[in-house]
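Undergrad: Sequence:
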Amino acid sequence: MARIRKFSAYRGVEPRAYTRISKFKEKNFVKASPNINIVNFDMGNPKKKFGYELDLVSKSDLQIRHQAMESARMTCNRLLETVLGKSGYYLKVRFFPFHILRENPLAAGAGADRMSTGMKHSFGKPIGRAAQIRKGQVLFQLKVNKQNLELAKKALKRASHKFPCGCLIEVKELKVPKEVKKLKEAR
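Numbering-wise (the working numbering), the sequence shown opens with residue 160 and increments by one.
Each hint should be verified, as a subset may be incorrect.
[Stated by the list, open to error] Each computed EDC-like pair below joins lysine to aspartate or glutamate, with the alpha-carbon atoms no more than 20 Å apart:
no., residue 1, residue 2
1, 305, 173
2, 206, 332
3, 208, 332
[To be verified] Distance ranges between label pairs, derived from CB positions:
no., residue 1, residue 2, range
4, 162, 334, 38 to 44 Å
5, 164, 184, 25 to 31 Å
6, 191, 233, 22 to 28 Å
Note that these hints are calculated values from the structure, not bench results. Even for Gly, the Cβ is constructed at its ideal location relative to N, Cα and C.
All chains should be modelled from the sequences, with the hints used to inform the complete structure.
TA: The structure is reproduced here in structure tokens:
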């Protein structure tokens with residue numbers, strides 16, 4: 160049975176990303192590029208003004224597979240959407256899986272000698288995508304109001320468990336324009 164290879168084989172950041180894709184097929188350096196699993200990069204209400212911004216920040220340099228990115232996004236978004244609705248927050252995914260992962264399929268067991276070429280022609284075939292992350296890079300950016308701050312921290316904490324690295328949550332207070340404050344006071 161074919162299984163996905165453990166990501167510990169790909170976790171370290173490679174010196175040069177394998178990314179050369181063109182919109183013209185004959186100009187592609189990478190001939191086959193796998194589809195990206197991430198459905199949305201922006202969720203919630205982008206036009207609304209919020210009082211606080213929370214950033215999920217990486218503690219180390221590494222690569223993150225696009226399946227992990229989508230899993231973290233879904234976990235965070237599901238909690239926020241069920242409690243706050245679509246208009247009570249704004250979540251943005253701040254990184255993109257440009258790097259294409261390759262695998263040289265090596266078979267083990269009976270009959271493996273008939274399929275494998277060993278380490279000859281070991282460049283590998285594309286199997287997935289990953290984002291190359293640096294220490295201190297923002298992974299998710301979340302905007303909420305003051306009363307939803309604890310829920311936002313909980314959502315980002317859940318998302319951080321899906322990543323193969325340690326993460327920090329940074330909270331910043333945003334300056335709300337005076338016109339918005341006056342409108343709120345008038346109501």
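Undergrad: For the pair supplied as a hint, residue 305 and residue 173, is the alpha-carbon distance within the 20 Å limit?
TA: Violated, at roughly 40 Å.
Undergrad: Are residue 208 and residue 332 close enough, with their CA atoms no more than 20 Å apart?
TA: Judged against 20 Å, a Cα distance of about 12 Å means the pair holds.
Undergrad: Determine whether the Cβ-Cβ distance between residue 164 and residue 184 falls within the hinted range of 25 to 31 Å.
TA: holds, 27 Å
Undergrad: Look at the Cβ atoms of residue 191 and residue 233 and judge whether their distance stays inside 22 to 28 Å.
TA: This hint holds: roughly 26 Å between Cβ atoms.
Undergrad: Take the C-alpha atoms of residue 206 and residue 332, compute the straight-line distance between them, and say whether it is at most 20 Å.
TA: Holds, at about 17 Å.
Undergrad: Are residue 162 and residue 334 spaced within 38 to 44 Å by their CB atoms?
TA: Since residue 162 and residue 334 have Cβ atoms about 50 Å apart, the given range 38 to 44 Å is violated.
Hints 1, 4 from the list above are not met by this structure, while the remaining hints are.
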